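Build out the structure end to end from the sequences listed, making use of the hints.
So the protein sequences, as listed, match chains S and Y. Just so we're aligned: the first sequence equals residues 1 to 112 in the working numbering. Just so we're aligned: the second sequence equals residues 1 to 114 in the working numbering.
Think of the hints as simulated: they come from the structure by calculation, not from any bench. All values derive from a computational prediction rather than experimental measurement. Treat the hints with caution; some may be incorrect.
[What the hints assert, rightly or not] The calculated lysine-lysine pairs, modelled on DSSO-like cross-linking and capped at a C-alpha distance of 27 Å, are:
1) Y:Lys14 <-> S:Lys37
2) S:Lys5 <-> Y:Lys83
3) S:Lys37 <-> Y:Lys57
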Amino acid sequence: DQQVKQNSPSLSVQEGRISILNCDYTNSMFDYFLWYKKYPAEGPTFLISISSIKDKNEDGRFTVFLNKSAKHLSLHIVPSQPGDSAVYFCAATQYSGYALNFGKGTSLLVTP
Amino acid sequence: DGGITQSPKYLFRKEGQNVTLSCEQNLNHDAMYWYRQDPGQGLRLIYYSQIVNDFQKGDIAEGYSVSREKKESFPLTVTSAQKNPTAFYLCASSPNRQGYTEAFFGQGTRLTVV
Numbered sequence: 001d002q003q004v005k006q007n008s009p010s011l012s013v014q015e016g017r018i019s020i021l022n023c024d025y026t027n028s029m030f031d032y033f034l035w036y037k038k039y040p041a042e043g044p045t046f047l048i049s050i051s052s053i054k055d056k057n058e059d060g061r062f063t064v065f066l067n068k069s070a071k072h073l074s075l076h077i078v079p080s081q082p083g084d085s086a087v088y089f090c091a092a093t094q095y096s097g098y099a100l101n102f103g104k105g106t107s108l109l110v111t112p
Numbered sequence: 001d002g003g004i005t006q007s008p009k010y011l012f013r014k015e016g017q018n019v020t021l022s023c024e025q026n027l028n029h030d031a032m033y034w035y036r037q038d039p040g041q042g043l044r045l046i047y048y049s050q051i052v053n054d055f056q057k058g059d060i061a062e063g064y065s066v067s068r069e070k071k072e073s074f075p076l077t078v079t080s081a082q083k084n085p086t087a088f089y090l091c092a093s094s095p096n097r098q099g100y101t102e103a104f105f106g107q108g109t110r111l112t113v114v
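What follows is the structure, encoded as structure tokens:
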């Protein structure tokens, strides 16, 4: 059973605008969340993370928001650039846990 | 350079044959993982190891086997019992046994059964 869900398989955004990627989780024991970016035929690369003691974490153009009561997190990319076009995976784990649980990914296309 | 090396990048296997995928890391990480990616399926955990000579099954371990004889190496064998082995396989490692930080991934191996 999928414990991490990314319900939008794809998203298209114009360059310079905001991209918002969403993720929901079902396991209330998860307390550490990550976003990865992946290009075809390559391994995922880490983007940004957040622990459950926070509700927001920023790193440059990337901000992750966590709503624990709704079991929802989102990744905001501002401003979006064509180089951001990739598949984005949401992942979650327990801080004392062992491995990441991944969503199915959202394919982001940023158009000029 | 420090990192995770998976080899080969592309692998072809005949039905009924076992095949071993290599994963080596020089990051001095304790934990290592194998994931499988299929189109539209995200990344699913096959096996993981938090320490040398110890490993646990993930969500889809059937038809796979692993070993962890050295800290740096975590090879994955895809056996003939794996019913649908064609996929993109990703190896990862992370530094902590207790607690967590981000996992670092290799570049993947594309396995095709012919």
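Verification of the hints:
With a C-alpha separation of about 32 Å, the suggested pair Lys14 of chain Y and Lys37 of chain S falls outside the 27 Å cut-off, and the hint is violated. For the proposed pair Lys5 of chain S and Lys83 of chain Y, the alpha carbon gap of about 26 Å is at most 27 Å, so the pair holds. A threshold of 27 Å between alpha carbons decides the hint, and for Lys37 of chain S with Lys57 of chain Y the separation of about 26 Å falls inside it, so the pair holds.
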